[in-house]
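Hints given; two lone chains; assemble the complex.
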Amino acid sequence: MPESPLSLAVVGHTNTGKTSLMRTLTRDAGFGEVSGSPSTTRQVEGVALQVDGRRIVDLYDTPGLEDAGRLIEVLDQIGGERHDGPSRIESFLSSPQADQLFEQEARVLRQLLASAAALYIIDAREPVLGKYQDELAILTMCARPVLPVLNFTASSSARSEQWREALARVNLHAVAEFDTVVFSVEAETKLWQRLINLLDQRGDALQDLIAHRNQQALFQQAAAMRIVSELLIDVAGCERTADKDDAAAQQQASQALQRAVRSAEQDTIKQLLDLFHFTPSDVALLELPIQDGQLRGDLFDQQVLQYYALRVGRGAGAGAAAGAAVDVATGGLSLGAGTVIGTLLGTGIGTGLASGRNLVDKARGRIRLQIDDPTLTYLAGRQLRLIRALQQRGHASLTPEQLDNEESEPTSIWPKDRLPNAVFKARLKPAISRLNNETSLQNAARERLAAELAQVINPEQATNTNRQVDNGSSPRLA
Amino acid sequence: MERRSTNHRVRLPDWLLAETTRRAELKSGEFVLDDAATRAAVALSPATISDRIVLRARRKDASSELQQTIAEALGGLRWAFGILLLLGLLAGAGAAQSVLAADGIIRLSWALMTLLGLPTLMLLIWLLMTFWPRSRQRRRQAGSGLPGRLFWWLSTLLARRLSTHPAKQQLAGSLAEYGRLYGRRLASLATHAFWSAFLLGAIGLLWAAFVGLRFDFSWGTTILSSDRLQALILMLGYLPAWLSGQDLPSQAQVLALLDQQSSAADRSTWAWYLIAALVLYGLLPRMLLMLGFGLAQRNNQPRLDVSAPGYLQLLPVLSSSEAKPLGLQGEPAPNLDRLSQIHERAEAGDGQAVMIGIELEQKDWPPQLSEAVKAQLMNDEQGLPLALGRADDRTARHQLYDAIAVLDPTPRRIIAVCSLLRSPDRGIGHWLSSLNALAPVDLVLVDASLLDARGGDCKSRQQDWAALADRFKLVILEYHDEHGPEVELENGPENGLEHGSGKR
Ligand SMILES: Nc1nc2c(ncn2[C@@H]2O[C@H](COP(=O)(O)OP(=O)(O)OP(=O)(O)O)[C@@H](O)[C@H]2O)c(=O)[nH]1
Ligand SMILES: [Mg+2]
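Protein chains in written order, with my numbering: chain A, -16 to 461; chain B, 4 to 507.
Read the hints as simulated data drawn from the structure, not as lab findings.
Model, not experiment: these values are computed from the prediction.
Some hints could be false.
[Claimed, not checked] With a cut-off of at most 20 Å between alpha-carbon atoms, the simulated EDC-like pairs for lysine to aspartate or glutamate come out as follows: (1) A:K412 with A:E435; (2) A:K253 with B:E68; (3) B:K30 with B:D340; (4) B:K327 with A:E171; (5) B:K327 with A:D191; (6) B:K476 with B:D445; (7) B:K476 with B:E350; (8) B:K327 with B:D340; (9) B:K327 with A:E16; (10) B:K366 with A:E16; (11) A:K253 with B:E33; (12) B:K327 with A:D41; (13) B:K171 with B:E28; (14) A:K173 with A:D183; (15) A:K173 with A:D191; (16) B:K462 with B:D473; (17) B:K30 with A:E144; (18) B:K476 with B:D340; (19) A:K253 with A:D11; (20) A:K173 with A:E144; (21) B:K327 with A:D250; (22) A:K227 with A:E248; (23) B:K327 with A:E148; (24) B:K366 with B:D340; (25) B:K377 with B:E364; (26) B:K366 with B:E350; (27) A:K408 with A:E435; (28) B:K63 with B:D37; (29) B:K171 with B:E33; (30) B:K171 with B:D38; (31) A:K173 with A:D41; (32) B:K30 with B:D64; (33) B:K377 with B:D445; (34) B:K366 with A:E148; (35) B:K171 with B:D64; (36) B:K327 with A:E(-14).
Here chain B stands alone, though its shape is the one from the complex (with noise of 0.2 Å):
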């Protein structure tokens, strides 16, 4: 499956025309969001954030202009590339000329350091360069040779000087930023092919002369020794002979040629050794080096990097799209006391009066209260509520329920103990509004401390406690829950039905 959420890549002119237009909005300060050009990249689906910057700066209103002047601009990168193959051409033949000596008698050994040496020598340079170690933004900037530079350097200035476009200036900005960023790769394409055309040139040249005119050859060395040479001499023939399925020279072919000069007979050898080792040590690998930088220049498209200027004053507006509302769903809720069975509430019996837990936080029953709350209980009921039990899953509750439908005389009232941490829920609502046709109930509220430590909202979660209440025709009872020490109230007769603290 593709991961297209991951690719920035663009195609190069639509690079240059996004960067050049962000480069001009960011000069100008103003970024138009509401346009058409917006819209219809905001519309374009599915599309990732950098299609739609492509998109939206091709449909500008200046874009057809400026897409024009990029494709001349990138014209002149293609005759900055001419150029430069053409100068590589002649300086190849000029070099080669220079080598034809005006006395018929080539020097192979002055041939083959000018025209093989020069080259293998700029591409060791090249080699060291390219991968002597060093920090990853110095390697972006250097190693691509100088004719690649000078190449670069031709087109920038083409961009700038031959084009009337006013936002020539960003245009010319944006050239030298994929200079930066991948131009080594181009340079580096145009140095190989360069050298390749130095190469053309002057293989071309020789074998030009070779069909039409006549010449000898020697090898002319003043400090080397003759045996050293002898060897260096068919050690450089025998690849391009095995290649070539030609004959290597033979022992007395070279030392005639170190001797004085070639006989008649050897020209056509040696005119074939020149020229193959030309085509293999300098030729081959230079093309090499230029089809693999082509194909990496063809397959490597520059990357938007939205995250720059200009782009992030896009992105709000563009990538909205991120999170699509899909609308709400069915009708509108009915009315919360639609969804309430209410039940009223029943008159205060005879009975002492009963409590119970509802989910409290404490696992202990009957649950801690603060002494504030307990003196309270005791002032209002005369004595202490019976802890019936704690309600805290459906099995308690049915069982609670059927234990204070049985009690004889009714309770006084049910006092239900609430922790503040729960929020009131129709559930509880309903429980107590089926409680509440028995006897009286009334809420006491606890753990506002633990509430407030957990960074809640006290007063908040009371309203909706009293709001519970209300719909619900429950009292709360006002009490202060100061956490003063805290005071076991009596055990139950029921104690049974407590329920520990829900099922686990």
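Excised from the complex, chain A in its bound form (with noise of 0.2 Å):
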């Protein structure tokens, strides 16, 4: 038997992010109007969450609340039967007034009265003003339950602790705090917990939400990873070769690995995005790479790979892992390796080059270029740190994510120090690599390895930039 769903009304003082809290837990940053500004959301506008497509919540989003001051004495003065609040809300609702002064703050208690319970949206950092109390006066007239959600909590200005002081006297003990803007799954899930407390029914269904969302962001956590990981493992073969002794042929050869290895990095922002519910403008990234006609905050930018260069260097694994390249792909004849590399240098081709690693393709005298391990490094560093910003940001957020060129320590997103073996593996499987001109044949493979390096990736530290540079002839990363 289908239980019917449990209809709740987003109600609360205007500007305090009502239709922000709806965004949020809808996951739909387009829905309604957010401003800054009072009298944003003007009409009652419903959305149902729904479990595999199973209805489980209607939320209402409803006007503000801007004059519970005076409707209360309005109220007051309608009379009635001192304990029957509902029947009071009533027959204001069918006075006259409820068509004019108070038209919006009607459509509130209407709505208030068809649904089962209201969550009251509170900014925290706000005082406990009159007015607020008012409107919880008047809102308890109308004999639902209120859940109080204490918003902006991840502000410093945040009082939370007096507004729950102030609540318990109102005999509101229940508090959720919600940050609509700075998301977390946990708090989303404690918000339905104190509500199945409150309602002391409809559990069953609320714990299927909590549990499909908990599950989802499991989930995207999963995915997000794996998306990395198709990059990390296609960017980790991708080459491109150009004749030993052609300098011009080798600088396009440059040009073209570096456009390769962009334009997938882009693909894969996309995909996050997408996997996240978000839109290329909630981050500021994606606009960021070329100004100016200068590469700024770029994969390749010289002092970044100057900077990883340096960290990876010292990682003990590194450098022995890519001679061991070199020697694999020279079949062991790596004479003559280290004189190419030198020549290419010595070219001057430019940053790709000068930190690409140069493996020598011995069968046809040509040089073989490949994305080099501090590179690889920013990459994930970067993408890492873009997955954790998108679980944070509650779709509410107006103002895009700035991901600045922050350094993370390659030992903090690579397990034991070093690049993964996946990684390895696929600088050694070039035909794997999308990116190669061919179309991969070896899917199959592909996928295994980046299922392989999205289990040790690691990407909770990623985020844990270590801000320490050592000395001062360090670079600092704008």
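So this is what it looks like as structure tokens:
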């Protein structure tokens, strides 16, 4: 037997973030209208939250309460049964005033009477002013359970304690804290759990919603790691070749390599945004790379690479592994490899090349260019930071996520201080990279490597940016 | 209550269909998301994302052929299983044949060693491989037994070689993936089935031989002492005898067996002994394991990994129904003016200007105003306004209104100090408008720097207040609130009106 959905009215003073809450709970940044000005929402608007197509909760956004002080006086004048709040509200709603001065408030009250409970949204930075207490008094007259929700709790000027005390005095002991801009699944889970406690019914359906949302978050995490791993595997194996003696061709190859990697990164970002239900306007990084013809915050920024070269160079495994790769590529005959690399550096071909790993394709006397370890590390760090930012971004956020070129320690991304095996394998099997010319037929092999890599990258620590650069000579990253 | 949201399990043919479709789409790089199949999947409700993926794969144009091919591949799986069983039977019969010597004397020791020893040894190896501690990933791949692997290899080979479907490569990939993830169970099933068949074949052949031919038994050894063997033989026979209700071979019978060959009277005893040992120690454990893995295989449907590339591209479309719009309710909202009760602005009186504070952040009264604001006030008023009190709640507002209404002479103007931290609302507008009818109300907006520190947008907040002032015919004093040293304002006589910072 399908249960009817639980209907909730989202109410509160104007500009406290009711519509923002709707956006974040529905993961829909396009819901309604959000603005810093008051009286933005003027009409009740509903959304149903579903789990696998089952309607669990109907949420209704309402206009902001603005004149509770006078409304309470009107309600007092209406009189009627002192203890029968709902009937007083009803007679107010049928009075002419409900169509005039209190038209907006009347919409809120009608919606509340039609709902099973109310979420009362509070701007926790505000002092507990008289008008808010008037609002609460009116809401309680509707005889519906009210769950106060403290918004803006991530702000340093939030007065959560003060609010909790004040709410307890009017017998509202269950309070949820939910910042609609700085999102966390835990806070959302708590919000629903408080509601379950308050309602004492419908627990099962809400538990389903909680489970679904938590599972969704886990899924997104796993999927995001997969997407990034695919990128890293593709990039690790990406190569361009050029004639050994043709400097111009080498330069071209280097640029082609950079282009391929950059566009792959853009694709990845697009996929990540899709996954978390965001759009390109949510990330400032997207517009960044090329400004005034100069690369800023770009993957191939010389300074960035120098920094990473220092860092990765110290990791014990990295150097040895690079040597091994050269050996394998030249079939163990690495004589001459050093000379060639030296020559390349001497030609001053440019950013990508100077730091790109150079392998000798001995069969044809050609140079193979691949993306080097520092760049891969940097790329990984940047993607992981993006994932973290998206996970913590409420869909109510209006300002785009600013992803600076923070440095993250390679050690915090890669386990055991070195590039994972999957990356090496990808390096040695360029055929599986989708960035190489032929459309890769080895999807299964790539997928397996990506899945392996996804298991070992550490999504948690990539954000612990370690800013203690040990001496002044290390470049600071803009 | 079932938790369907956590279940991504689907039937094996569906799993293969979805996986093969995913691989084909990935390979072509094309994801058609506006076709009938996708629409049907979106419309499916209630449904998990896996249900939708499967439905979409089923409704795709090329699906029926692919489903046919998958059915064939699964048929191939069954064939491979059948072949394996047949091989087992033949191998068992062959092994049994080899112990039936032409001279009509069965070496019981040798028969037990080949027919029971080999399967038992393999079982021990299997157990070791299965329960040897190792990483999870490795465990998935190993421990399925040789026949199982042979079986799996055979089935993917069949799928690859026999099919003519354009997506056969992807199907083989899907089968291999299934094998990687779930094949261990299936391969174990096949392994145990093989050895069961082996023992059945052996027992069957022995049975037939015992029915139709005459055999004597002996127990040969070159190095073992007969005392030990005697104990061993009795020990092996104990359980079968107890279970089947037969008599345990007697001491004398065993001695005869060990010494030369069993007497003619003991033939059936030893034939039973051999068959019972094979059934009990060989066939039974294998059958039980086969049954167990068979049940596990039946109950364990594969799970779609919807985070895999290829499925991810479908998600934005297929999971869009997590929030379903219910639309706007009621009539469009009326014009703001219809909601406002606006009084005409009064003429300026002759009395000293008064000052009130509205929902200010600071708790002091009179409020700490910056030097700049204070200087501008002094300049305008040739004196300080009378600080009347704060209007933070209803009671205070009534008291302030009443106090101002009885002031005689009427104040030159009412200076309302408002905080930019508050967003202006209709309630404040109405109250200020009612004061405006007593004496002209001018607003001073403070706390710009606090709003700034909070990351708020001062400019747009000022505009909001300007809009309110406009609507309710109030005036905003363009004072510049640079935070200078703070100056106490003179205490007003009605200090008693002050109401703290709101009820708490
Ligand atoms: N930093 C931050 N800003 C928020 C948060 N919640 C809401 N906002 C901002 O607060 C302002 C008001 O948000 P709305 O969602 O429009 O508020 P509302 O309650 O729907 O307002 P009305 O419809 O006008 O009554 C917007 O500028 C939001 O960006 C939050 O948790 N943190
Ligand atoms: Mg709103």
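Hint by hint, here is what the structure shows:
1. Note on A:K412 and A:E435: the hinted pairing holds, with a Cα-Cα distance of about 15 Å set against a maximum of 20 Å.
2. Proximity of A:K253 to B:E68 is assessed by CA-CA distance (about 34 Å); at most 20 Å being required, the pair is judged violated.
3. Proposed proximity of B:K30 and B:D340 is contradicted: the alpha carbons are some 61 Å apart, above 20 Å.
4. Taken as a hint, the B:K327 and A:E171 pair is honoured in the structure, with Cα atoms around 19 Å apart against an allowance of 20 Å.
5. Annotation: proposed proximity of B:K327 to A:D191 holds, straight-line Cα distance about 17 Å (limit 20 Å).
6. Note on B:K476 and B:D445: the hinted pairing holds, with a Cα-Cα distance of about 10 Å set against a maximum of 20 Å.
7. Between B:K476 and B:E350, the direct Cα distance comes to roughly 13 Å. Compliance with the 20 Å bound is thereby established for this hinted pair.
8. Between B:K327 and B:D340 the alpha-carbon distance is near 34 Å, which puts this suggested pair outside the 20 Å criterion.
9. With a C-alpha separation of about 17 Å, the suggested pairing of B:K327 with A:E16 holds against the 20 Å cut-off.
10. Only pairs whose Cα atoms come within 20 Å are accepted, and B:K366 paired with A:E16 is rejected, the gap being roughly 34 Å.
11. Proposed proximity of A:K253 and B:E33 is supported: the alpha carbons are some 16 Å apart, at most 20 Å.
12. For a cut-off of 20 Å, the pair hint linking B:K327 to A:D41 stands: about 9 Å separates their Cα positions.
13. At most 20 Å may separate the alpha-carbon atoms for a hinted pair to count; B:K171 and B:E28 meet this at roughly 13 Å.
14. Restraint check: the Cα-Cα separation between A:K173 and A:D183 comes to about 15 Å, which is no more than 20 Å; the hinted pair holds.
15. About 14 Å separates the Cα atoms of A:K173 and A:D191, which keeps this hinted pair within 20 Å; it holds.
16. The straight-line distance between the Cα atoms of B:K462 and B:D473 is roughly 16 Å, inside the 20 Å bound, and the hint therefore holds.
17. With a C-alpha separation of about 56 Å, the suggested pairing of B:K30 with A:E144 is violated against the 20 Å cut-off.
18. Taken as a hint, the B:K476 and B:D340 pair is honoured in the structure, with Cα atoms around 12 Å apart against an allowance of 20 Å.
19. For the proposed pair A:K253 and A:D11, the alpha carbon gap of about 17 Å is at most 20 Å, so the pair holds.
20. For the proposed pair A:K173 and A:E144, the alpha carbon gap of about 17 Å is at most 20 Å, so the pair holds.
21. Taking the CA atoms of B:K327 and A:D250, the gap is near 28 Å; set against the 20 Å cutoff, the hint is violated.
22. With a CA separation close to 29 Å, the supplied pair A:K227 and A:E248 exceeds the 20 Å bound.
23. Our distance criterion of 20 Å between C-alpha atoms is broken by B:K327 and A:E148, whose separation comes to about 37 Å.
24. For the proposed pair B:K366 and B:D340, the alpha carbon gap of about 34 Å is over 20 Å, so the pair is violated.
25. A hinted pair counts as satisfied when its Cα atoms are at most 20 Å apart, and B:K377 with B:E364 qualifies at roughly 18 Å.
26. Between B:K366 and B:E350 the CA atoms are separated by roughly 32 Å; this puts the pair beyond 20 Å, and the hint is violated.
27. Taken as a hint, the A:K408 and A:E435 pair is honoured in the structure, with Cα atoms around 11 Å apart against an allowance of 20 Å.
28. Restraint check: the Cα-Cα separation between B:K63 and B:D37 comes to about 12 Å, which is no more than 20 Å; the hinted pair holds.
29. Only pairs whose Cα atoms come within 20 Å are accepted, and B:K171 paired with B:E33 is accepted, the gap being roughly 18 Å.
30. The suggested pairing of B:K171 with B:D38 is violated, with an alpha-carbon distance near 24 Å, which exceeds 20 Å.
31. A C-alpha spacing of about 18 Å is found between A:K173 and A:D41, which places the hinted pair at or below 20 Å, so the restraint holds.
32. About 17 Å separates the Cα atoms of B:K30 and B:D64, which keeps this hinted pair within 20 Å; it holds.
33. The suggested pairing of B:K377 with B:D445 holds, with an alpha-carbon distance near 15 Å, which does not exceed 20 Å.
34. For the suggested pair B:K366 and A:E148, the alpha carbons sit about 18 Å apart, so the restraint of at most 20 Å is met.
35. Among the hinted pairs, B:K171 with B:D64 is consistent with the structure: their alpha-carbon atoms are about 16 Å apart, no more than 20 Å.
36. At roughly 17 Å between alpha-carbon atoms, B:K327 and A:E(-14) fall within 20 Å of each other, so this suggested pair holds.
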